[in-house]
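Enquirer: Line by line, the protein sequences are chains W and C.
For reference, each letter of the first sequence is one residue, going 13 to 459 in the numbering used here.
For reference, each letter of the second sequence is one residue, going 19 to 456 in the numbering used here.
Heads up, some of the hints might be wrong.
From the derived model, a few chain C residues whose C-beta atoms are all more than 10 Å from chain W [unchecked claim]: (1) 161; (2) 166; (3) 176; (4) 235; (5) 261; (6) 389.
Derived DEER-like restraints, expressed as beta-carbon distance ranges [stated by the list, open to error]: (7) W/360 <-> C/268: 54 to 62 Å; (8) C/351 <-> W/266: 41 to 49 Å; (9) W/19 <-> C/72: 35 to 43 Å; (10) W/285 <-> C/215: 38 to 46 Å; (11) C/98 <-> W/386: 51 to 59 Å; (12) C/102 <-> W/277: 54 to 62 Å.
Since the hints were derived computationally from the structure, they do not count as laboratory data.
Note that beta-carbon positions come from the ideal geometry of N, C-alpha and C, so glycine has one too.
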Amino acid sequence: MTDTYLNLVNSGVTAKLAKQLGLPRPAPLRRYRPGQPLLDGPALVLGPGKDADAVASLLSSGWDVDVHRHAAPDARYAAVVLVLTEVTHPTDLSAPVLAAAATLRGLARGGRVVTVSRTAADDDAPALAAARQGVDGLLRSLAKELRGGATGNGIVLDAGVDVDAPSVVGALRFFLSTRSAFVDGQLLTVSSGAGALPDDWEHPLAGRVAVVTGAARGIGEAIASTLARDGATVVCVDVPSAGEQLATVANRVRGTALQLDVTTDDAGARILEHALARHGRIDVVVHNAGITRDKLLANMTPEKWDSVLAVNIAAQLRINEALLESGDFVHQPRIVSLASTSGIAGNRGQTNYAASKGGVIGMVRATAPLLAAFGGTANAVAPGFIETEMTARIPALTRQVARRLNSLQQGGQPVDVAETVAFLASPAAGGVVGRVLRVCGQNMVGQ
Amino acid sequence: MATPKTPAPRRALVLGGNRIPFARAGGRYAHASNQDMLTAALDGLVARYGLQGERIGEVAAGAVLKHSRDFNLTREAVLGSALSAQTPAYDVQQACATGLETVVSLSNKIRLGQLESAISGGVDTTSDAPIAVSDRLRRALLDLSRAKNMQQKLAAAAKIRPKDLAPSTPRTSEPRTGLSMGEHQALTTAQWGITREAQDEVAYASHHRLAAAWEAGFFDDLVTPYRGQTIDGNLRADTSLEKLATLRPTFGLGLDTPATMTAGNSTPLTDGASTVLLGSDEWAAEHDLTPLAVVVDAEAGAVDFVHGEDGLLMAPAFAVPRLLARNGLTLDDFAYVEIHEAFASTVLTTLAAWESDEFGRARLGLPGAFGTVDRERLNVHGSSLAAGHPFAATGGRIVATISKELHLRKQRDGGTPRALVSVCAAGGLGLTAILEAA
């Protein structure tokens, strides 16, 4: 779906006009391409203490980034990393935050601001908790101020998690890279030191077998393509009636097509059988298949309510049970489930959909501990407004408004959701458990 | 000097299949060519089994109604598919037996060690059928193209008459008798005294069994939708014997006997394509594919329908007894019998011949009747009356369907269940084969 408005405000006479009128001017976002350098310019790492040193050294020696520890005058930074893990009082935020502030006007287009901080716990000293929780408000507000396609995201470390834990490193790389183009204003908590860094950052899913439901089109198709690009062998699942598109996707990603209605009782068994027989293992399951049957609750029919719940949550629960019982889903398994901002903030006319998507969030939180023994995780991705066939059917004016209601002032692409799914599916994300990561350009609704 | 090392014969396996849903002529595939449909069927097979970029030993397929530009139809379909462009291919044509013949010939190559893997297939469109110009116009045009000067050109052009401009459309009539296949079968139907009710019962069972298989998801891993067609277009799940009884006869209207063959108990013109994946045990293991069935043996037959007493579509009645005798089997040794339903009465005349003492003694040289087929074993998931019959694609449909059924039956009940496949064809031809669960 082309965003004509975005094109107009970024080219020629109409761009000037938009500027003079003070209209919102969303910037075209850069997306990930294999072989792309992690950052297009130098990175500034701010913050006191050895955690900041560790981050700086990871960036410079590990990832070949030109790292500055103090803002150079006139430097145009591609990224600013604020390492705030060692703050103990809100006043400690002052120096690093104000140092970052001075660089923001010169932040490169598509620049990145990433905070690294610690979870404010109930048993923290009040000042410590205040300092840590303060980062939350700081980051969310800062992200809303960034322009030119720049994003701000945070990594929050639970007690006992080191700054060089695989998932902290993985999340930092994800947030710095163009893979997170449409992820903005989000704080991702890392709960443990579990997970493993890939040998090759371009193929973090090498040797892994991933199942993607609803893979025939839209976001599912993008997920299948992205997981395959990252090295996974992909089993593409969709209902038999979508078989033609499914075959096209499977052939493009060099995976296999499995025509299957996920709501059937034996769907989990058939997925397992196919993955094990054809590919010898099953490592990642992405629950993407979903439907909408919008109706105000006052007008809701049993058919509309039940079918949405059946596809969007009951099927996932049943398949997960089969995976857990099989004894074959035990090699750092990953479940990534598609939630929605509707499931977080609510949406008029979508009580059934929001109930199912809220359900997904509860499900991954409760499923993750069941997988912990195998180094496994379950997480959710909550897309905001994404340009798909589904959103293309929204009336034009409503669609235009919906697109602008986020900090990046545009809709995301299916690949943006897919990149986030791929990150959560990767071995590096082993310390991210039971979380919801939003891909919404910092939508104004909900958290 | 080295001695040539010829490998010993081995098993040839059916590893899977894929077809597109069959559509009624003039339906959703009206503007799809044979090459489009065969490519789609191949691509669905590739997607199901993860064969992208794979160099398959050989692909053989064919079409009965074929444009002359499709002289290399199968190879062109391979080049347009997700298979490796280094996959060799060839075309086959044996009327309605084309699809089964590709299975037989490719499995023989696998048995001999000439191939490790193969894909057999077939496709037909009656919607996009070739239309030729009349012979007189064709000759005149060819003369015109060879003419060297204006005088010769004018002379060639002058031979063209207005009536020569009428296109010559393909027909399913037999070249030697001028009778359509339906009229031929009407003669056989009368010869064997097959009733309207018996034919309608065959049609009814075909539709209900095929519908039940679709409903149960049996075709989820055998069919890939195409151009919005997600289920066989000819299938009438709600048909009843009462509805079938209301249809007016269409064939045999000029005979002395009552006309019994209707549009309900005859196959309609259909568009579609099918493929079957074949391979050796080694290749199957290397590719993590589960063997479904073994292609055991096959026998072709032909009858002299022009001068003799046998009906056009009766060749299988002779081929099957020869095939079973060679393999030391009787009809009772088969868990499944698949007889292509060109017409309901084709199935019934074949069964009647086998059940006849006289036919057994006089024509088959047996002590008595050849045998009977339990109807519960016959065309268990429906056949061409319900699915439709895109001529060359029918063999692949039957082989893939019954191979999966054999595999499931073995998983369920153990043993080595067998299936007999019989396909009649124009020109008095017939091709029959034995499959057994792998």
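Enquirer: Does residue 389 of chain C sit more than 10 Å from chain W, CB to CB?
Expert: With a cut-off of 10 Å, residue 389 of chain C remains clear of chain W, as the shortest Cβ separation is near 38 Å.
Enquirer: When you look at the beta carbon of residue 235 of chain C, is every beta carbon of chain W farther off than 10 Å?
Expert: Given a closest Cβ separation of 7 Å, the condition is violated.
Enquirer: With respect to the beta-carbon atoms only, verify the hint that residue 285 of chain W and residue 215 of chain C lie 38 to 46 Å apart.
Expert: 44 Å Cβ-Cβ, so the 38 to 46 Å window holds.
Enquirer: Is the nearest CB of chain W more than 10 Å from the CB of residue 166 of chain C?
Expert: Its Cβ never comes within 10 Å of chain W, the nearest being 52 Å, so this holds.
Enquirer: Confirm or reject the statement that residue 176 of chain C sits farther than 10 Å, beta carbon to beta carbon, from all of chain W.
Expert: 52 Å, holds
Enquirer: Does the Cβ distance between residue 98 of chain C and residue 386 of chain W fall inside 51 to 59 Å?
Expert: With Cβ atoms ~44 Å apart, the hint is violated.
Enquirer: Is the gap between the beta carbons of residue 19 of chain W and residue 72 of chain C within 35 to 43 Å?
Expert: Holds, since residue 19 of chain W and residue 72 of chain C (Cβ atoms, about 42 Å apart) stay within the stated range.
Enquirer: So the hint says 41 to 49 Å: do the beta-carbon atoms of residue 351 of chain C and residue 266 of chain W match that?
Expert: At roughly 43 Å between Cβ atoms, residue 266 of chain W and residue 351 of chain C fall inside 41 to 49 Å, so the hint holds.
Enquirer: Determine whether the Cβ-Cβ distance between residue 360 of chain W and residue 268 of chain C falls within the hinted range of 54 to 62 Å.
Expert: 58 Å, holds
Enquirer: Given a hinted range of 54 to 62 Å, is it respected by the beta-carbon distance of residue 102 of chain C and residue 277 of chain W?
Expert: Given range 54 to 62 Å: violated, Cβ gap about 39 Å.
Enquirer: Does residue 261 of chain C clear chain W by more than 10 Å, comparing its Cβ with all Cβ atoms of that chain?
Expert: 27 Å, holds
Enquirer: Does the no-contact call for residue 161 of chain C survive, Cβ to all of chain W over 10 Å?
Expert: 47 Å, holds
In the structure shown, a violation is registered for the earlier hints numbered 4, 11, 12, in ascending order.
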